[in-house]
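Novice: This is what each chain is made of:
Number of protein chains: 2
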Amino acid sequence: MIKVGLLGFGGLGQAAARVLAPKGEMIWTAVADHKGYAQNKAGLDYDTLIKIYHKQGSVGFLAPDGILSSHSIQDVIKQASVDGYFLALPNLPNTFMADVARQFINSGWRGVLVDALKRTSAVEQLLALQDELQQAGITYLTGCGATPGLLTAAAAIAAQSYAEIHNVTITFGVGIANWEAYRATIREDIAHLPGYDVEKATAMTDVEVEALLNETNGILTLENMEHADDVMLELAGICSRDRVSVGGVVDTRNPKKPLSTNVKVTGRTFEGKISTHTFTLGDETSMAANVCGPAFGYLKAGISLHRRGIYGLFTAAEVMPQFVR
Amino acid sequence: MIKVGLLGFGGLGQAAARVLAPKGEMIWTAVADHKGYAQNKAGLDYDTLIKIYHKQGSVGFLAPDGILSSHSIQDVIKQASVDGYFLALPNLPNTFMADVARQFINSGWRGVLVDALKRTSAVEQLLALQDELQQAGITYLTGCGATPGLLTAAAAIAAQSYAEIHNVTITFGVGIANWEAYRATIREDIAHLPGYDVEKATAMTDVEVEALLNETNGILTLENMEHADDVMLELAGICSRDRVSVGGVVDTRNPKKPLSTNVKVTGRTFEGKISTHTFTLGDETSMAANVCGPAFGYLKAGISLHRRGIYGLFTAAEVMPQFVR
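From first to last, the protein sequence lines are chains A and B.
The UniProt record's numbering puts the last residue of the first sequence at 325; the count rises by one with no breaks.
The UniProt record's numbering puts the last residue of the second sequence at 325; the count rises by one with no breaks.
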């Protein structure tokens, strides 16, 4: 039984807890938000924690397993019994995930860390921690959500038919009924729009976000996004990062996807033929399913690596995720 | 530089040699057919060997690096300097690949073996060698062609979005201009037809194969084939083997594929939604590209495992192939 911890209990963390609940191979033993944490070796209950979080604003209010703390991550690392953490934390600020990784390194904790980071620059900060992670006995898998993650891995598989990769094009469609359940994610998307950056998007009030979405009828169209699929495929030796492009359409007012999320891998075969493999996600699969499923699949694969004494930083393009029952 | 050997120099082995030729990370140092072998640490030349094979019937005629031998596999294992072999051997007889694996085990050779086996029962024979392969220091990757192989790996990735997998359906289209370049492969396909089995198909003369193909206008339609994708996905814990089905259409008189090869993975997400992910191969990619590319990608991944001291049997659904430049 793999003991799993969650850092972050916003939209993504809550979805992750729901994905985890029915798994026979994993048990949810710890969770931290920015005001507190909760931990229990015998397992935490999703329904109870969701209620407490919504009513009181932190999992730290859980009795008797919760504790309020202004350094909840540091505390949960020390106190909880966890084999692997899914870092379901906001992507912003851009240095956040690397800062959290450093907390794990400094704590002396050994185990598996998985993130669903999106930005190239955020993954690059983790790459700089390669040696420290190895020495600390931590197996860290980065970019393990939907894109990067599921689609990057599919691209790495698709590339196998070709002698040379010409381009990898990821186009995602996301539909959410209500953007307020994904406040952080939507701000990350806005940061990719022309005229915006991470700082400006983070500083926006909910009213300002709402006003922007009113102008576009709730639709965000994103092109040439800074997405870590590029550095991940480059690191895997598949193609240089400038051959990878990521874009998409987010409908913030409709759970139906505006288009089918897909990755196209175009290359030249050994016979000189140019062709394209396509991996398309079913429209009925949500962002939460396509992020959290892979994240736990990579966490399980990370546990196998860790047990074999294989530490350091890996990306979703290098490791085959394992299916979690 | 990875030193690569090829066992078998029929249609598949020759394509493999062509795929290998431009690779900077791999050097082709050995090849064996059923009449002889050739080996050279500095590398073998594709054009020279193809000519010799077609003119004289065996790579053993290559001067000065070839030797004729009635136990060419045993000899090449002993004489050649090879880090990993691609077993580009006929799938028939069904016990052949396991017999070859036993020759490697008994020889004391240590390294990586990769096959592109198709049948479930052939892969099961290799599974029985798990402990012996581990003790021998051999990292054996089985089912690493197109299907099983590329499509099985894509299915394993696609499965990650789902809490439960309902079915995996692989449908392939193959077009070849002239079946006589793939005598062994076509007999394997015929063995899957109603009223045929492996023995009967193997015993057919070229004239009999030609007569059968005349009846069907050169088209072979295959359903519910015994394909190892089922046992591989079961072993990876993704679904029970009865949920995996493989079928296809082979046009033996037209290089254009009669349909686009694809795998569909249908499952239920954690929210209870039923959906289907689809991975589709570009029509311009040949069977040779889709088999040999992955085979060498898995060989490279196998070398990484072997260097870390990880031995034994693995399938294409468990290991992420690496891109070979």
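I should point out that these hints are in silico values taken from the structure, not numbers from a laboratory.
Fair warning: there could be bad hints in the mix.
As the list claims (entries may be wrong) - Listed next, the in silico EDC-like pairs over lysine to aspartate or glutamate satisfying Cα-Cα at most 16 Å (straight line):
#, chain 1, residue 1, chain 2, residue 2
1, B, 23, A, 25
2, B, 256, B, 271
3, B, 200, B, 210
4, A, 264, B, 284
5, A, 273, B, 283
6, A, 273, B, 284
7, A, 200, A, 188
8, A, 264, A, 188
9, A, 23, B, 271
10, B, 273, A, 283
11, A, 200, A, 210
12, A, 256, A, 234
13, A, 23, B, 164
14, A, 23, A, 45
15, B, 264, B, 189
16, A, 256, B, 271
17, B, 264, A, 284
18, A, 264, B, 283
19, B, 35, B, 75
20, B, 23, A, 271
21, B, 256, A, 271
22, A, 264, A, 210
23, B, 273, B, 164
24, A, 41, A, 25
25, B, 256, B, 284
26, B, 256, B, 199
27, B, 273, A, 284
28, B, 3, B, 83
29, B, 264, A, 283
Novice: Can you name, in rising order, the numbers of the hints this structure does not satisfy?
Specialist: 1, 2, 8, 12, 15, 22 and 26
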